[in-house]
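Participant: According to full-length UniProt numbering, the sequence shown is numbered sequentially starting from 1.
Be aware that one or more of the hints could be misleading.
Computed beta-carbon distance windows for the label pairs [stated by the list, open to error]:
#1 Glu110 with Ile45: 46 to 56 Å
#2 Glu158 with Pro111: 17 to 27 Å
#3 Pro73 with Lys115: 39 to 49 Å
#4 Asn105 with Phe34: 54 to 64 Å
#5 Asp153 with Ser112: 37 to 47 Å
#6 Thr152 with Gln74: 18 to 28 Å
#7 Cys106 with Phe146: 46 to 56 Å
Because the hints were derived from the structure by calculation, they are not lab data. Note that beta-carbon positions come from the ideal geometry of N, C-alpha and C, so glycine has one too.
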Amino acid sequence: MSMGMEILGIALGVLGFLIGIVTCALPMWKVSAFIGANIVTAQIIWEGLWMNCVIQSTGQMQCKVYDSMLALPQDLQAARAMTIVSIILALMGVMISIVGAKCTNCIEDEPSKAKVMIISGIFFILAGLLVLIPVSWTTSVIIRDFYNPILTDAQRREIGASLYIGFGSAALLIIGGGLLCTSCPPKEKKYKPPGWRTLPLAAQAQVEDMTGRTMFERL
1 MSMGMEILGI
11 ALGVLGFLIG
21 IVTCALPMWK
31 VSAFIGANIV
41 TAQIIWEGLW
51 MNCVIQSTGQ
61 MQCKVYDSML
71 ALPQDLQAAR
81 AMTIVSIILA
91 LMGVMISIVG
101 AKCTNCIEDE
111 PSKAKVMIIS
121 GIFFILAGLL
131 VLIPVSWTTS
141 VIIRDFYNPI
151 LTDAQRREIG
161 ASLYIGFGSA
171 ALLIIGGGLL
181 CTSCPPKEKK
191 YKPPGWRTLP
201 LAAQAQVEDM
211 TGRTMFERL
């Protein structure tokens, strides 16, 4: 793989890592749905992994961190865990990619560098999948509840900006990891001693002539 493709893969992985942090931190996973009788409202509600925020019509915003982790729904706890693990894996992928990059001298052996870059790509892909799962699951829950006739208009939520950012983070991590996984180590060339069949024609004739003379002398 060329150095340009390698740098592109690392850049996509780093960008996906940073966007993943934003996805985890922002509280805009679920936002108020302005439908029906809820079109004109005095407040906007944001719900995230770590807190929920209420924005008044005056522009004042109040955020409150969730008090107890055990009291949270299981899907929210799982989303927290997967996004944190994703950020850790992406960080490890960034560090490993820097070590194995062609523009660095941390490792001098080219086959070893290629193997290190493949490991880095695997870390990026795993991180992307761990972002994609909670983002997709939350999106599915929002859409399901939105069309649930039992819920009122005030209880319905829409897809927040954090989920769109999360999809972008997952795409960047998976694409960057896929590019790095194409770093195939160069094949080792095994030395083969030249046989007499690989010699030039003149040399082959000379060898055959010498061999024939030797056999004639023995007779």
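Participant: Could you run down the list of hints and mark each one as holding or not?
Facilitator: Now the hints, each set against the structure:
1. Glu110 with Ile45: 46 to 56 Å: Since Glu110 and Ile45 have Cβ atoms about 55 Å apart, the given range 46 to 56 Å holds.
2. Glu158 with Pro111: 17 to 27 Å: violated, 51 Å
3. Pro73 with Lys115: 39 to 49 Å: The hinted range 39 to 49 Å holds for Pro73 and Lys115, with Cβ atoms some 42 Å apart.
4. Asn105 with Phe34: 54 to 64 Å: holds, 57 Å
5. Asp153 with Ser112: 37 to 47 Å: violated, 60 Å
6. Thr152 with Gln74: 18 to 28 Å: holds, 24 Å
7. Cys106 with Phe146: 46 to 56 Å: holds, 50 Å
Of the numbered hints stated above, those contradicted by the structure are hints 2 and 5, listed in ascending order.
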